[in-house]
Structures are given as C-alpha cells and as structure tokens.
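**Student:** Listed here are the chains, written in short residue letters.
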Amino acid sequence: MRGLMTATAIVALLPAAALAQSVTIGITQNNVGVDSYQTTYEQAFMAYAEELDGVETVVLDAGGDVARQIGQIQDLIQQQVDAIIIWPTQGQAVVPAVRQAHMAGIPVVITNSQIAEEGFEFIASFSGPDNITQGQYSAEMMCEALDGEGQIVQISGQPGYTTAMERQSGFEERLAEACPGVEIMETQPGDWNRERAQRVMENFLTKYDQIDGVYSGDDNMGVGALNAAKAAGRAEGIAFIGATNFAVGYEAMERGEYWGSVYQSPVEDARNALDTALAVIRGEDVPFLNYFDTPKITQANMSEYTKPVF
Amino acid sequence: MATDIKTAADHGAQLKALLAQQGILIAFIVFTIGFAFSSDRFMSADNLMTVLRQAAIIGTIAVGVTVVVIGGNLDLSVGSLLSFATVLVVDLHDKIGPAPAMLVMFVATMGIGAITGFLVGYLRLNSLIVTLGMLSAIQGIVLIYTGGQNVDIREQDGTWFAVFGRGYVFGIATPIVIFLGLAILMEIVLRRTSYGRKVFAVGGNPTAAVFSGINRSRMVFTTYLISAFAVGCAAVIMGSRVMGSQNNVGQGYELLVLAGVILGGTSLLGGSGSVLKTVLGVLILAIIQNALILMGYPYYTQWLVTWVVIILAVWLDVASKRGRLFTTFN
Amino acid sequence: MQQLKQLVLTQPIWLFVIAITIFFSFGSPHFLDVQNFKNILVQTSTIGLIALGMTFVMINGNIDLSVGAVVALSASLAVGLQSEVGILPAVVVALAAGIGLGFVNGMIVWKTGVDAFIVTLGAMIGVRGLVFLYTQEQSFFATNFAYADFGMSAVGPLPTLAIIFLGFAALMHWILTSTIHGRNTYAVGGNREAAINAGIKVGPHMVVNFMIVGFFAALAGVTLSTQMGAATPNLGRDFELWTITAVVLGGTKLAGGSGSVIGTLGGVLAIGILRNGMNLMQVPAFYVLVILGVILIAVLFIDRQVGRKGAQELRT
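Residue numbers (the working numbering), protein chains in the order written: chain A, 3 to 312; chain B, 2 to 331; chain C, 35 to 350.
By construction, these hints were calculated from the structure, which means they are not laboratory data.
Here a beta-carbon is modelled for each residue, glycine too, at the ideal position from N, C-alpha and C.
Treat each hint with caution, since some may be false.
[Unchecked claim] Computed, partial: chain B to chain A, Cβ under 10 Å: (1) Ser45; (2) Arg54; (3) Gln140; (4) Asn151; (5) Asp153; (6) Arg192; (7) Met244; (8) Leu295; (9) Pro299.
[Unchecked claim] Within a straight-line C-alpha distance of at most 30 Å, the following computed DSS-like cross-link-like pairs (lysine-lysine) qualify: (10) C/Lys235 x C/Lys72; (11) B/Lys322 x B/Lys199; (12) A/Lys309 x A/Lys298; (13) C/Lys145 x C/Lys72; (14) A/Lys232 x A/Lys309; (15) B/Lys199 x C/Lys287; (16) C/Lys287 x B/Lys322; (17) B/Lys322 x C/Lys235; (18) A/Lys309 x A/Lys209; (19) C/Lys287 x C/Lys235; (20) A/Lys309 x B/Lys96; (21) B/Lys322 x C/Lys72; (22) A/Lys232 x B/Lys199; (23) A/Lys209 x A/Lys232.
Starting from the given sequences, assemble the full structure and let the hints guide the process.
**Tutor:** Given below as structure tokens:
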C-alpha cells in the first residue's frame with residue numbers, strides 16, 4: 003500500500019516539476035467539423051491555450067471513429083504528454099485505452115460526453131455539461147409549453163452516443179414523472195443531422211394527424227423538424243423544444259417559432275476542460291464531475307443570453 | 002421470328018422478354034400495391050409526395066451517376082461533392098445573392114467533376130480508386146473552406162431561392178420537378194442523340210468505339226461533367242430545403258445512389274442501362290424505407306429488406322439475359 | 035542492384051513506405067521510437083487482417099464491400115455473448131459468423147452470376163441491419179478486463195496483435211505463392227474461362243476465398259474489440275474503402291489476376307504510417323483528408339507509369 007502511494011506521489015510530482023517550464027496537454031476530439039459546436043469548441047480550446055503561458059497542446063480529432071481515437075490516445079501516451087483530454091467517440095469503447103493512459107501515469111480528463119462507469123476509476127475528472135439534467139430541463143419546458151397535456155414525438159441524436167442516450171433518458175424519465183399527461187408517440191434518430199431530422203419529421207407528420215410537441219436532441223435537428231412542419235403548414239400548433247442552443251435555434255425563438263432550448267456554450271465547455279486538466283496537473287483538488295452551467299433558454303428569458311456564435 | 006403467326010411458345014417468350022425488360026417496373030408496381038394494403042397512410046397523396054420529395058435528392062444524383070456507369074466507370078465522389086456544392090451555394094447565398102451563388106457553385110462543382118473526368122478519362126486511371134481518393138480530398142476541402150462551421154441562410158422567408166426545395170410548380174413540389182425533369186432530359190439525350198449513342202458505345206466496347214472514331218477520353222470526361230452537374234442540381238434542392246448545411250451532409254450518399262442505379266438494372270460493366278429505370282430503382286428504395294417506418298418497424302429493418310431486394314432484382318435481370326436461373330460452371 | 039531494381043519495379047509501394055518513414059523521422063522526434071512502431075503495427079493490424087483476405091478475393095477478380103459490417107457483427111457477437119457463454123466460445127461464434135456470411139456471399143456470386151460488387155454492396159447494407167437487430171443499437175462492454183488486456187498484451191518485444199497480424203500475413207503469403215489454392219487464385223482471376231477449361235472448380239474456389247475474407251473481417255472485429263474491450267454497432271464504417279485502398283496501393287489489380295501479400299502489407303503500412311506521422315506532426319485533420327486522397331490518386335498514377343516502364347524493361 004505504501005509502495006503504491008509513493009508511486010502515485012512520484013507520478014504526481016513529475017508533471018508538477020515540469021510545470022515550471024511548460025506543460026503539454028493532448029486532446030483527442032470526437033468529430034470536428036461534423037457540427038459547429040465541435041468546431042467552435044476546438045477553436046476556443048486552441049485560442050485559450052494560446053492565451054495561457056506555458057501551455058503546449060497537441061490537438062487531434064478522431065473523425066468519429068472509435069478505432070482511430072484509441073490509436074490517437076496511444077500516440078499521445080507515446081509522446082508522454084502531461085495530461086490527456088478525451089472527447090469520447092463512444093463512452094464504453096475508450097475505457098481500455100483510458101486505463102492504458104492511467105497505467106502509464108498520465109492523468110485523463112473526459113470532456114463533454116461521459117465515459118462508461120467502468121472507466122471512472124481511471125480518470126481524474128469529467129468536465130462538461132450534465133446531459134441528464136439537460137434532458138430533464140427539456141422535459142420540464144415541454145410540460146410547461148403543453149400545459150401538461152398532449153402527444154409528442156422525439157428526434158434523438160446518434161444512436162449509441164452517450165450524449166444522445168443521456169438526454170433521451172433524462173427527458174423520458176422526467177417527463178413520465180412530472181408530466182404523465184404528455185405521451186411520447188414515437189422516437190427516431192436524427193443523427194445530429196438537420197436534413198435527416200427534417201426527413202424524420204416529414205414522416206412523423208404523415209403518420210400522425212395530431213402532434214403537439216417535438217423534442218430534439220439538439221437545436222440543429224430541432225430546426226430541421228421546424229422546417230418540415232412549416233412546409234406542411236402545421237408549425238403553428240407544435241411546441242419545439244431542443245437542446246444545445248444553436249444560432250439558428252436562437253433566431254427561430256426570436257421569430258416565435260421555437261419554444262425553448264438549453265443554453266450550452268462550447269467556449270465554456272472548452273475552457274472548462276483545459277482548466278480542469280491544468281488543475282489536475284498542478285495536483286489541485288478537482289471535483290470528479292466538473293459540470294459547467296447549462297441553463298434553460300426560452301422565448302421569455304432569451305434576452306439574457308447572447309446569440310450563440312455557431 | 003420470320004412468320005406472323007404467333008404460337009403459345011411465342012407468347013411465353015414474349016412474357017419472358019417483358020419480364021426481362023420491365024422487371025424493375027413490375028417490381029415497383031408490386032411493392033406499391035403491397036405496401037398500399039399494409040398501411041392505410043401509405044397511399045395518401047401527402048405521403049406519396051413526401052416519398053417523392055425525399056427521393057428527389059438521391060434520385061437527381063443517381064441520374065448523373067447512371068450516365069457515368071453506362072460509360073463504363075464508377076463515381077464514388079458524389080457524396081462529398083454534394084457536401085461541397087451544398088455548403089458552397091448556402092454559404093454564398095447571403096454573401097453575393099442567390100443567382101451568383103448558384104452560378105459559382107455550378108462552375109466550381111463542375112470544375113471538380115472535370116478534374117475527376119480528366120483523371121479517369123484522359124489519364125485512364127481506375128475510376129473506383131480515383132473517385133475514392135476524390136471522396137476523401139473533397140470532404141477535406143469542404144472542411145477547410147468552412148473551417149468546420151455549419152453554414153446557414155439567414156433570411157429564409159424572403160429569398161426566391163426557397164422555391165427549389167420548398168416551392169411548387171403547377172402543384173407539384175419543385176424537387177420532384179427537377180428530379181424527373183432531369184431524368185427525362187437525360188433519357189432523351191441518351192436515346193435520341195449521337196452523344197448518347199457514343200456513351201453507350203464507349204461503355205459497351207471501348208476498343209470498338211475507338212475504332213469507329215469515337216474520342217473515348219473525351220466521352221468519359223463529359224460523363225463526369227454530367228454527374229457533377231446533377232450533383233449541383235441536387236445541392237440546390239438540398240440547400241433550399243434545409244436553408245443551411247453541415248459539412249458532411251452528403252456523407253454515405255455515394256452508396257445509396259449506387260444502390261438505386263444498380264437496382265434500376267444498369268450494368269456496372271458499362272454499355273447498358275436506363276435513366277428512367279434508375280428513377281424506379283431509387284423510388285423502390287425510398288418506398289421501402291417510408292413504408293417500413295409507417296408500419297412501425299425500426300429504421301434498420303429497411304437495410305435487411307434492401308439487401309434482399311437488390312440481390313433478387315439484379316439476379317432476375319442477369320438470369321433473364323442468361324436464359325436460366327443459375328450459372329452452370331463449377 | 036539488380037535485385038533492388040526488381041523490388042522497385044514489382045513493389046513500388048515499399049519504396050514509398052521507406053520514403054515516408056525517412057520523411058517523418060525528420061518531421062517528428064517521436065516517430066523513430068520503438069514504441070511508436072509497435073503502435074503503428076497494432077493500429078494497422080485491423081485493416082491489415084481484412085486486407086489479407088481482400089487480396090485473395092481481389093486477385094480472384096471479385097471484391098467484398100461487406101467487410102466493415104462483418105467487423106461490427108463479429109465484434110458485437112464476441113463481446114455480447116461472452117458474459118453468457120465465456121470468452122472463447124463467443125469468439126468462435128463471432129469467427130463462424132464471418133465465415134458463414136462469406137459463404138453466403140460466395141454462393142450468391144457463384145450461383146446467381148451477379149457481380150461481386152453488387153452482391154457485397156447489398157450485404158454491406160444488410161449485415162449492418164443484422165448488427166442493429168442483434169445489438170438493438172446498444173454498445174456492449176466486456177466486463178472481464180482480461181479480454182481488453184489481451185488486446186494490450188505483448189509476447190516478448192512485440193504486441194500480441196502485431197504478432198497475429200504478421201503471422202497470418204506470412205501464412206497467407208505462403209498459401210498464395212506455394213500452394214495449389216494460391217496458383218488457382220491467380221488463374222481464376224487472370225482468365226476465368228481458361229481456368230474452367232483447365233478443370234479448376236472455379237465456383238467452390240471463389241466461395242472458399244469469400245470465406246477467407248469473411249474469416250479475416252471477423253478476426254479483425256475480434257482483435258479490434260479486444261483493443262476497446264467493447265463493441266459498438268457503428269464499428270467498421272468505411273473500413274471496406276480503406277481496405278480496398280490499401281490492397282490497391284499494394285499493387286493488386288481490380289481486374290484480378292495479379293497482386294501479392296507483400297504488396298498489400300506495404301499498402302497497409304503506407305496508410306498506417308501516413309496517419310500516424312501526420313498525427314505526430316499535428317497536421318490538422320481537415321488537411322489529412324486532402325493529403326490522403328491526393329496521395330492515393332498520385333500513387334495510382336505513379337504505379338501505372340512505373341508498371342509500364344517495368345513491363346517494357348522486362349521485355350527487353
């Protein structure tokens with residue numbers, strides 16, 4: 003036991019000593035370029051690293067491919083960076099690679115989307131939004147928008163992706179509990195893709211004569227659903243609730259077409275991740291779940307928030 | 002054959018020939034009727050419009066790819082090219098106005114088509130690999146162009162650009178008009194012009210075509226221009242329909258398009274095929290997808306059905322040309 | 035000197051591999067590290083294993099586009115079943131599924147006479163459907179860390195997965211160059227009619243090769259899942275495209291009749307080293323896509339020029 007403690011102490015000392023000169027932080031992201039959120043995150047991350055003195059970064063992107071991400075984690079271990087930040091392509095599949103980094107003495111910070119519980123013991127901290135709470139927020143907004151009564155459809159994110167699953171489960175559980183009068187008729191994946199969400203919504207509109215609300219896993223898909231409803235002339239009677247407020251969602255809210263969403267800033271997400279990683283390297287106390295705040299945004303309170311840049 | 006008297010055997014042969022030639026049409030009718038009985042919503046005018054409108058983007062691209070395939074080549078770059086064209090036209094819309102944006106987009110898209118056409122046509126490089134390389138390179142170019150950001154059209158309600166994806170012409174949704182219009186135009190070009198005959202000749206027997214004085218390189222080159230033009234048309238529909246674009250909006254389209262072309266009976270060896278049958282092929286795939294979701298099956302069941310349908314359709318086609326169901330070699 | 039010339043003419047891709055190795059050793063201080071080469075071998079083993087089987091199918095004049103979906107299916111089976119039946123039986127089922135799907139593909143190609151491109155394009159879509167049907171969109175996690183430890187383990191100086199890959203590469207090289215099956219593989223791809231006339235049972239022969247590629251795709255699924263200790267239904271997307279790219283870079287002709295395992299090995303390493311080197315040099319991901327695309331086309335072009343010259347020189 004003592005041997006183990008000394009070992010960890012030495013491991014903890016090494017990066018701290020290095021901090022005097024400069025630290026190198028590696029990040030492997032999920033899929034930059036697939037949507038603006040991830041792109042803005044990357045830019046904010048690099049800009050923030052630039053601002054800070056003595057912080058070098060190795061910025062990688064897995065292109066959505068789990069296998070490639072594992073390779074990148076191994077490459078980062080190989081380069082002996084001081085900390086690795088991982089935006090998991092998949093919450094479970096990265097666990098062994100995370101464990102490998104842990105065993106190599108490199109602290110890991112998970113960003114944006116949580117990994118599976120089996121991996122918790124190998125990570126220093128999770129930095130990101132609380133997606134289950136976000137799903138709950140959306141359920142509460144839906145309940146309010148419909149006065150507790152109605153039939154809705156759900157357009158979820160990419161199947162198998164943790165953020166998608168957490169938002170969906172948070173939404174479904176909270177809705178059943180707080181709002182038994184609102185029924186989810188059907189759920190189909192929109193894969194975080196606006197055009198696909200538009201197609202899914204078109205099919206819903208032909209299938210169901212009465213739709214009172216649509217919950218989308220993010221605003222990008224939500225605006226796709228709104229497009230479809232407008233084209234069918236049925237947007238008036240439908241409450242659109244989303245998550246991750248996009249500029250297009252914000253503008254649709256301004257026009258009164260979109261009911262509400264969850265405000266989540268990629269800039270804050272990126273800064274939070276880098277700060278967390280630096281704190282871990284310095285050996286400071288970091289909460290294991292280092293959430294940043296993601297409040298509800300609706301037509302009523304939107305003036306308190308600046309329009310998202312993405 | 003020389004006599005006018007028709008025997009029962011002739012009728013049998015005629016039926017066989019009809020099956021061979023119009024198998025895809027018959028399959029289309031069978032599917033439509035079958036689904037009509039299985040879901041009462043399927044045959045509603047609204048739903049049929051939705052199916053056609055959703056098929057229009059893939060269908061428009063498939064029209065162009067059919068020409069490439071008849072010419073004896075493949076085009077796997079159309080998915081990335083669709084992303085490129087859509088991103089470009091949407092991004093430029095607010096900057097320089099809809100008409101110049103479309104002009105620039107068509108020029109740039111067909112410029113890339115010309116590069117592919119040059120590599121395959123004039124340098125005679127294998128089309129599968131060239132277009133695979135282009136698939137990757139074009140996706141990279143799109144991302145570099147946008148820096149990975151989504152692009153959007155801000156004034157959605159005020160622009161006439163909306164007509165292409167959301168408008169109607171004589172009561173028919175514009176995407177459908179563009180899709181079917183392009184298909185009919187290309188069918189006429191292929192069947193009724195010397196250009197069309199040359200495309201078939203180059204794809205069917207390149208050596209003979211060259212001996213009869215056809216410039217094979219130039220013909221192959223032009224098929225890629227047509228394919229790129231079709232992608233441009235699809236991008237106009239896509240951009241106008243969504244009023245925005247992600248950088249990977251066309252990802253995976255290349256294989257969906259190819260599935261439609263193959264289902265329509267166009268031979269991958271080149272030299273035979275029909276744009277109108279490609280239309281039916283694309284519609285069958287769209288109908289399968291739509292009907293299975295209406296019937297409440299999970300979305301992935303359509304993939305299983307597509308597997309069976311593609312192989313059965315091409316098998317029947319091949320078998321009728323061969324005159325027997327199975328091959329005879331050991 | 036003569037031998038070197040011969041190597042350049044027959045295996046131009048290895049020249050390219052050497053060139054980029056030299057380039058990246060100057061480009062990144064971490065590149066020429068023993069550990070880095072182990073990483074490259076492990077990272078390329080997935081596509082590499084599939085490419086071994088694909089080489090046989092493509093020399094036959096066929097192609098298999100369903101390998102990516104088979105990777106996902108076998109990974110899901112291997113991880114999903116092991117909590118119920120144990121690791122080894124689960125892996126056996128996974129490999130059997132790959133061989134079985136290869137058999138189905140092969141039989142359809144043989145009996146119906148439909149082009150392998152179309153048969154396996156259909157299978158690529160359909161097998162992905164099977165994956166989602168079986169997994170119900172869920173990812174599976176190997177509760178036993180022993181499974182993931184296997185993927186990370188090493189025998190002596192070499193990672194286990196690298197040994198598996200190189201071992202099978204040697205085996206397949208031997209089969210292709212020194213057995214009747216290997217000779218028939220070239221004969222059938224070179225001229226099918228002549229092969230039939232020569233009494234080769236072309237149909238069963240092709241089926242065997244489809245089963246071989248099915249086996250390797252399934253094996254790649256298993257080894258990949260040991261690296262992750264998990265399986266996801268979206269695993270293996272685009273793998274078919276990268277595998278074919280690697281095989282073609284290695285000099286195997288799409289028309290069939292020529293190709294080699296050594297060339298394929300070079301093609302696989304070329305892609306692996308490019309990706310790894312560009313990661314280490316921090317080339318932005320967007321540019322990596324463009325560079326890979328351009329290199330693919332350029333190598334195809336150079337290969338043909340060299341091949342032409344080689345054919346002329348060999349004639350004189």
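**Student:** B/Lys199 and C/Lys287 were given as a pair; does the straight-line alpha-carbon distance stay at or below 30 Å?
**Tutor:** 27 Å, holds
**Student:** Verify the interface restraint on B/Asn151: the C-beta must sit less than 10 Å from at least one C-beta of chain A.
**Tutor:** 4 Å, holds
**Student:** Would you mind confirming whether the straight-line C-alpha gap from B/Lys322 to C/Lys72 stays at or under 30 Å?
**Tutor:** 53 Å, violated
**Student:** Under the criterion that the straight-line Cα-Cα distance not exceed 30 Å, is the pair C/Lys287, B/Lys322 satisfied?
**Tutor:** 28 Å, holds
**Student:** Does A/Lys209 lie within 30 Å of A/Lys309 when you go C-alpha to C-alpha?
**Tutor:** Roughly 35 Å between the alpha carbons, so the hint for A/Lys309 and A/Lys209 is violated.
**Student:** Per the CB criterion, is B/Arg54 less than 10 Å away from chain A?
**Tutor:** 8 Å, holds
**Student:** When you check the alpha-carbon spacing of A/Lys209 and A/Lys232, does it fall within 30 Å?
**Tutor:** The hint holds at about 16 Å.
**Student:** Quickly compare the C-alpha distance for A/Lys309 and A/Lys298 to 30 Å and report which way the hint goes.
**Tutor:** 14 Å, holds
**Student:** Is it true that the CA of C/Lys235 sits at most 30 Å from the CA of C/Lys72?
**Tutor:** 41 Å, violated
**Student:** Per the CB criterion, is B/Arg192 less than 10 Å away from chain A?
**Tutor:** Violated - the Cβ of B/Arg192 stays beyond 10 Å from chain A, reaching only about 33 Å at its closest.
**Student:** Against chain A, run the beta carbon of B/Leu295 and see if the smallest gap drops under 10 Å.
**Tutor:** 6 Å, holds
**Student:** If you take the shortest Cβ to Cβ gap from B/Met244 to chain A, is it below 10 Å?
**Tutor:** 7 Å, holds
In summary, the numbered hints that this structure violates are 6, 10, 13, 18, 21 and 22.
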